[in-house]
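Input sequences plus hints: build the corresponding full structure.
Residue numbers (this note's numbering), protein chains in the order written: chain A, 1 to 196; chain B, 1 to 196.
Careful: at least some of the hints might be erroneous.
As the list makes no split between identical chains, a pair holds if one copy fits it or if it spans any two.
[What the hints assert, rightly or not] Listed below are the simulated SDA-like cross-link pairs for lysine to any residue, each with C-alpha atoms no more than 25 Å apart in a straight line: (1) Lys2 x Asp150; (2) Lys122 x Ala52; (3) Lys122 x His54; (4) Lys188 x Glu177; (5) Lys154 x Arg174; (6) Lys122 x Asp150; (7) Lys122 x Phe100; (8) Lys188 x Ala94; (9) Lys58 x Lys122; (10) Lys4 x His54; (11) Lys188 x His55; (12) Lys122 x Pro43; (13) Lys122 x Met61; (14) Lys2 x Gln160; (15) Lys153 x Asn170; (16) Lys58 x Gln194; (17) Lys122 x Leu64; (18) Lys104 x Gly26.
It should be emphasised that the hints constitute simulated quantities derived from the structure, not laboratory data.
Number of protein chains: 2
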Amino acid sequence: MKVKLDYPIPLIYPIPITLVGSLVEGTPNYTCIGDTGLMGINPPLIFVSSHANHHTNKGIMENLTFSINIPATNLLSKTDYCGSVSGSEVNKSALFSNFFGELKTAPMIEECPVNIELSLVKEFSIEHRQIFVGEVAATHIDRDILVEVDGLKKIPSLPQLDPIIYALDNHYYRIGEQIGTGYTEGKKSISLPQNA
Amino acid sequence: MKVKLDYPIPLIYPIPITLVGSLVEGTPNYTCIGDTGLMGINPPLIFVSSHANHHTNKGIMENLTFSINIPATNLLSKTDYCGSVSGSEVNKSALFSNFFGELKTAPMIEECPVNIELSLVKEFSIEHRQIFVGEVAATHIDRDILVEVDGLKKIPSLPQLDPIIYALDNHYYRIGEQIGTGYTEGKKSISLPQNA
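Dropping the structure here:
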């Protein structure tokens, strides 16, 4: 039996916790953003939605580049801090070792196991949200957790990446046990008749 | 030390696993989509990115409405199945108890603990990806897991919702332990000087 909530909450979960980086007037800035997600693998697209007054937005519009840095749970305090204070007030790049990649203007965080450089391919606003769609230029990963199979670099499993998981209950969580494999669990046990 | 991956992978995680519903020529259809995410709470926006040839897209364009249904781990097989077969071949609505809400044309799944009805507010394409931005019209939740505090309906915590967690390693996971609280962990231990 269902209940309708009093407000139309966009109750989608889990939310990926990321540190979005941009270069604002020459200084790397990072903000903690959960309003982000995968838009496709080929072409490799990620979007970020940010309140129009965020300091980070300025740098994205200045350089047309940005980064997504994915912290592991050992960076929980710094990550949360980046979401609690503005780059207009403090220099958040002092919290991290910063580096640049192919795009030269998308600052990245050495301490995050995964760093993604993006070129802005589309930008639009809905009310006070400014939405950026980026195409991935390069993906960087810690050598220690990289899996190499037959000379090919394979991405690590989710537990190795140990991400910070978030939801609208405003709590952070760790990843739990593996419960299945994609494109496999369903067909093992379910079969529907073909449409006529 | 970082390594650049051979391909520019949009390695963002965790990915929320959802069943996106639309009414295609009168029949509810659901597809398993992880290319989705929160675009903002106020206004309440969620986007879905779907390959242009997906059957579900037809129903979204036909009615300008769609639904996001969030399965718990007990629906893993059915969820994975919905991502493995096309509604053009089988009638996936036969897997679930279907219901409609305020929008009348956005089919929802009774067995999912959370159901969100959305009106299409923006649609665009990047190469073969069709991207839909919806504004939430109503959010429905199982009465059993609803938390009521002082007469106000509060959303449940993430472990109560027991979501299916996914990442580009193609495995499904369960949520783990709570490790902190938003907008709290950082300021407990970190303080940077104010900009001059």
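Checklist entry - Of the numbered hints stated previously, which ones are contradicted by the structure, given in increasing order? => result 6 and 10
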